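Protein chains: 2
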Amino acid sequence: MTSAAPSSTPRPLYLRIADNVTQQVSSGALRAGDRVPSLRQLGRQMRVSMTTALQAYLWLESRGYLESRPRSGFYVRTPFAKLIPEPQFRPRKTRPTEIDTDAVLSDIIEEASDPANIPFGLGSASPELFPSRKLNLILRRIVREHPDHSARYDFGSESLRRQIARRSLATGRALSPRDVTITSGALEAINLTLRAVASPGDVIAVESPTFFGILGTAASLKMKVIEIPTHPQEGMDLNALEEAIRRHRVKACIAMANCHNPLGYVLPDRAKKALVELGARYEVIIIEDDVYGDLDFSGSRPRTLKSFDRTESVILCSSFSKTLSPGYRVGWVAAGRFRDAVARLKFLTTVATPSLSQLVVAEFLESGGYDRHLKRLQLMFAQQAELVRKAIANHFPEGTRISRPAGGHLLWVELPARVNALKLYRAALDKHISILPGMLFSATGRFEHHIRINCGANFSPAHERALSTLGRLCERST
Amino acid sequence: MTSAAPSSTPRPLYLRIADNVTQQVSSGALRAGDRVPSLRQLGRQMRVSMTTALQAYLWLESRGYLESRPRSGFYVRTPFAKLIPEPQFRPRKTRPTEIDTDAVLSDIIEEASDPANIPFGLGSASPELFPSRKLNLILRRIVREHPDHSARYDFGSESLRRQIARRSLATGRALSPRDVTITSGALEAINLTLRAVASPGDVIAVESPTFFGILGTAASLKMKVIEIPTHPQEGMDLNALEEAIRRHRVKACIAMANCHNPLGYVLPDRAKKALVELGARYEVIIIEDDVYGDLDFSGSRPRTLKSFDRTESVILCSSFSKTLSPGYRVGWVAAGRFRDAVARLKFLTTVATPSLSQLVVAEFLESGGYDRHLKRLQLMFAQQAELVRKAIANHFPEGTRISRPAGGHLLWVELPARVNALKLYRAALDKHISILPGMLFSATGRFEHHIRINCGANFSPAHERALSTLGRLCERST
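Note that the protein sequences, when read in sequence, are chains G and H.
Straight run, no breaks: the first sequence in the working numbering ends on number 482.
Straight run, no breaks: the second sequence in the working numbering ends on number 482.
Excised from the complex, chain G in its bound form (with noise of 0.2 angstroms):
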C-alpha cells in the first residue's frame, strides 16, 4: 500500500513498526503460533511508545497477522488460508432486468431512525464515534460570533473550500478552492454530477455490487445502468468494462477505488490508473465517490482516481458524513469543465448547503482535531471489522464468506446460497435488527445471497446476541 501514497505522506510509525513484523512472518522467523514481543518489549526495542507499540499489533490484528489471546498477548495467525474466506469473484454476463427494490428502500427509510433496532443496515458509524462535543463547541461559539449565519445564502463557504483544496495534497492532486463546490453530501454531487454530464436514457456504467444510492439516483434520473462485474480487491473488470463502452456509448462510469461500498477495496495504484486511462481513452466521464477514502486502515491517505486524471475527464465527490456526522450533509464536488453546470444544477435543486454547517466543519478541519480524529477512526474501525467478522465466522453457517475491508465500516456478506437475503431482511426486521439485503446493491437482481453489515459501532454483547440471531435466521431464510 506504501506505493499508494504520494510521496508527500511520510508512512506513519507504527506502520512502519509493523512492517517489520511482517516481514519477520513472511521470512520465517516468526511462525503461526508464535508469541510476539510482548508491548513492553517491542517498545524497547523499536524505541516507541507503548501506544505506537499497541497501534502496531491492533493494525497487523486487523488484517489478520496477529491475534490477540485474552491475559496472555499477541501471536501469530493461522496462515493466511485458513482464515474466514472472503466473497468469491463470479463475472456473470449483465442481463437487463426489471427489479422493483422501492418497497425494501421505504421500509429502510421508515425503519432506518427506530432507535429500538440493532443498526447492521445504513451506512453511518454509531454516533458515539463522532467528535460532536467538539463541533458544538465550535458551533456554538459560530452562532455567537456569526448571530445572521442562516440569513445568508452560500454558494459555498470560501474557507471550507480553502480546508478542502489543502487536504487534497495528499490525495495525490492538489484542487484549488475554486475547484470544489459544496453540496448537502456526496449523493447530491453524484446526482448533480450526473444530471451535468448525462441526459435520459443515457447509459452509465456502474460497479457490481455498488452502493444502492449510486443505482437509485441514477433510476430516478431515468438514466439506464450497466453493470460491470466488479472483483473483490481488483475492482471493477476494464475488459468488461471496455466491451460495454464499446457496445453500449457509455456516458459515465461510477467509481468507488478507496474503501469500497460494500466490498471494501482500497484499489492498488494500477488498477486505478488503468481505470483512468480507459475512460480517458473513450472520453467516459469518471465520477468518483470518495466518501470513504478517509478511512483507510493503514493510515496513508490512498490516492484518488483524480489524482492519475490528465484529461480532465474524472469528477470528484466527496463528504464528511461518514468521518464527521452524517446529520451535517455537508459533501464537495470537484466538477472540473462542468464546474458551472453543476453549481446551477445545485442552485436550482437545494439552492445552497447550509452556512452554519459548513463553518463548523471547516474550522475543525484548520483546527488540526480532523486529523487527530481520522486516526482514531481508522484503528477503532479496524479493530470492529475484526471482532465483527469473526463474529459472523463464529455464528453464521458453514460456507459463509466475509469481505476483509481496507478501509471504512462495512463489510459485505456472502451467504451460502440457498439462504435468501431478502427473507433474512425481513426476519431480522422482525427481531430489530437492521442489515441491507444484497439485491440492493445490484440493477438486475443479483446477490440474492449476500447481506451489507456495518461494523461502525462500539461491539458490544447486543452486538454479538444480534448476529448469533442472525446466524440462526439464515437457516431459516431459504
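It should be emphasised that the hints constitute simulated quantities derived from the structure, not laboratory data.
Remember, it's a predicted structure, so these values are computed and weren't measured experimentally.
Check each hint, because a few of them may be wrong.
Said to hold, decoys possible - Mimicking DSSO-like on lysine-lysine, the simulated pairs with C-alpha atoms at most 27 angstroms apart in a straight line are:
# : chain 1 : residue 1 : chain 2 : residue 2
1 : G       : LYS138    : H       : LYS138
2 : G       : LYS255    : H       : LYS228
3 : H       : LYS226    : H       : LYS255
4 : H       : LYS228    : H       : LYS255
5 : H       : LYS138    : G       : LYS255
6 : G       : LYS226    : H       : LYS228
7 : G       : LYS226    : H       : LYS226
Unchecked claim - Example chain G residues on the side facing chain H (calculated, C-beta under 8 angstroms, incomplete):
#  : residue
8  : PRO131
9  : LEU143
10 : VAL147
11 : ALA155
12 : SER188
13 : PRO204
14 : LYS226
15 : PRO330
16 : LEU349
17 : THR354
Where a beta carbon is used, it is the ideal one built from N, C-alpha and C, also for glycine.
Starting from the structure of chain G, add chain H where the hints point.
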C-alpha cells in the same frame, strides 16, 4: 380577502379598523386629500391602542388608500386610477423557442453572495429582518441538550412535522404529521415531486412569468414546459391552460396561488377553486408552491390550492426560507399518494435534511414566536413594498408599471418597451446593484423589458440612490 380565510381565523383587529376607513372612503365620507383622524383620535374613537391604529393606517398606506405626509399625518390618497400603474396582461401564444439563461444564472450564483451589492436580486429578505437572535438561543440550547444532533439521520423530525400539521388548519386543509415529508427547502420539494409524478420528455404547465427555479429544475430534469399566460391579479388563464392540457398531454401544473413570485397576487378563492377543478377534471397533478403564503399583507392566512383538493391531485410544497431564514434550508412537501415515492427520492438525493435546523424551527413554531414574527414581517414588507414602489415611480422613466403585491416582498416592474432588461441587469451589476432580468422568468424569452425587484430590506438612502441609478441606467439600456 376576508372570504379567503377559513372561518377558524378571525380577522385581525387592525384590519377591522382599516375596513371602517375604506368604507368611509367608498361612501364618500372621506375624500381624496382629506386628513384622516390622528392616531390618538382614532385610538380613542375606536377604543384601540395607538399601535393598532398605526397598524391600520400603515396597512391602508401599503394598499394605496392613504399616504403619510411628514409631520402632518395621514391623508386619503388621490383616486386609484392616478396611482402607479400595474403591469399589463398581454396573452400571447407560446412559441417554443430556445433560450439560454445559463450565463445569467451562473452570474447570479457568483454575485448573489457579494455583500458589496445592493441586493434587489435574489428572493430573500434582508438578514436583519429575521429572528436570528431567538433562533440562535434555541439552537444553542438544543446543542446542549442533544449533543449528538448531527450524528443521526432524520427523515423528518416528528416535532417539526407535528407543528406543520397544526398550522395547516389555518390554510383550510388539515394535514397530519404523517402527510408531511421534510426537504432541504421548497425547491427540493418541487424537484422531488416533479421526479415522482413525471418523466423526462413530459410536459409541465407553468405560469408566465414564473419563478426561474421552477423553469430551471424542470429543464434540468429534461421535462418540457408550456407557459400559460398569467394575469397580474387573476392568475393563469384557465382557458389557455385547458387548451394546453388538451393539446399536449400535460402531466403536471406548477402554480403559486399565494403571494406569487414575481407577480405578487393572492388568487381569489374562486380562481383557486377553478384551477383545482380543472386539474382534477383532466387528471393533471397540481404542484402548489406556497413558499410566500405566510406573508399575505392582510394578516389573514390565505387558503391553499390544496384546501380545494377533493381528488388528492394537489401536492403542496413550502418552506421556512422566506419567513425564518434562507440558510436553514428547511422545506416540506405534502405529497399525498406520492408520499413514499418522494421520500425515496429524497433519500436517494440528499439522504436527509439536517436534524438540528429542523429542531430549531420546530421549537420556534411551538413557542408561538413564529406567529408574532410573521405579523411584524407582514407589516414591514407591506411598508417596504410601498416605499420601493414610490421610489421606482419617482426615478424610473415614464411608462414604467409596477406590481402592487398582496404579500411577499417582490415587485414585478414593467419598463418601457425600448428598455432591454438584460442590458440593464448587466449595467446595474457594474454599479454593484443586483436585480433580476425578466427573461429568467420565462422559458421562451418573454419579459425582455421586465425586471424583478426584491424589496425585503429596510429601505435606506443607499436603496434610494440605487433605484435612482437604476432609473438613469434604463435610458442607456435600450
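Going through the hints against the structure:
Using a Cα cut-off of 27 angstroms, the hinted pair LYS138(G) and LYS138(H) holds, with the two alpha carbons roughly 23 angstroms apart. With a C-alpha separation of about 23 angstroms, the suggested pairing of LYS255(G) with LYS228(H) holds against the 27 angstroms cut-off. Restraint check: the Cα-Cα separation between LYS226(H) and LYS255(H) comes to about 14 angstroms, which is no more than 27 angstroms; the hinted pair holds. Distance check on the hinted pair: LYS228(H) and LYS255(H) sit about 10 angstroms apart at the alpha-carbon level, within 27 angstroms; holds.
At most 27 angstroms may separate the alpha-carbon atoms for a hinted pair to count; LYS138(H) and LYS255(G) exceed this at roughly 49 angstroms. At most 27 angstroms may separate the alpha-carbon atoms for a hinted pair to count; LYS226(G) and LYS228(H) meet this at roughly 15 angstroms. The straight-line distance between the Cα atoms of LYS226(G) and LYS226(H) is roughly 10 angstroms, inside the 27 angstroms bound, and the hint therefore holds. Here the hint on PRO131(G) is kept, as its CB sits about 3 angstroms from the closest CB of chain H, short of 8 angstroms.
Annotation: interface hint on LEU143(G) holds; nearest CB of chain H at approximately 6 angstroms, less than 8 angstroms. Taking 8 angstroms as the C-beta cut-off, the interface hint given for VAL147(G) holds, the closest approach to chain H being about 5 angstroms. Taking 8 angstroms as the C-beta contact cut-off toward chain H, the hint placing ALA155(G) at the interface holds, the least distance being around 3 angstroms. For SER188(G), the shortest C-beta to C-beta distance to chain H is roughly 4 angstroms, which falls under 8 angstroms, so the interface hint holds.
Given hint, PRO204(G) at the interface with chain H, holds; its Cβ is 4 angstroms from that chain's nearest Cβ, closer than 8 angstroms. Hint on LYS226(G) holds. Least Cβ distance to chain H is approximately 5 angstroms, under the 8 angstroms limit. With a least beta-carbon distance of about 6 angstroms to chain H, the hint placing PRO330(G) at the interface is held under the 8 angstroms criterion. Look at LEU349(G): its Cβ gets to within about 5 angstroms of chain H, closer than 8 angstroms, so that hint holds up.
Using the Cβ-Cβ criterion of 8 angstroms, the hint placing THR354(G) at the interface with chain H is satisfied: the shortest such distance is roughly 4 angstroms.
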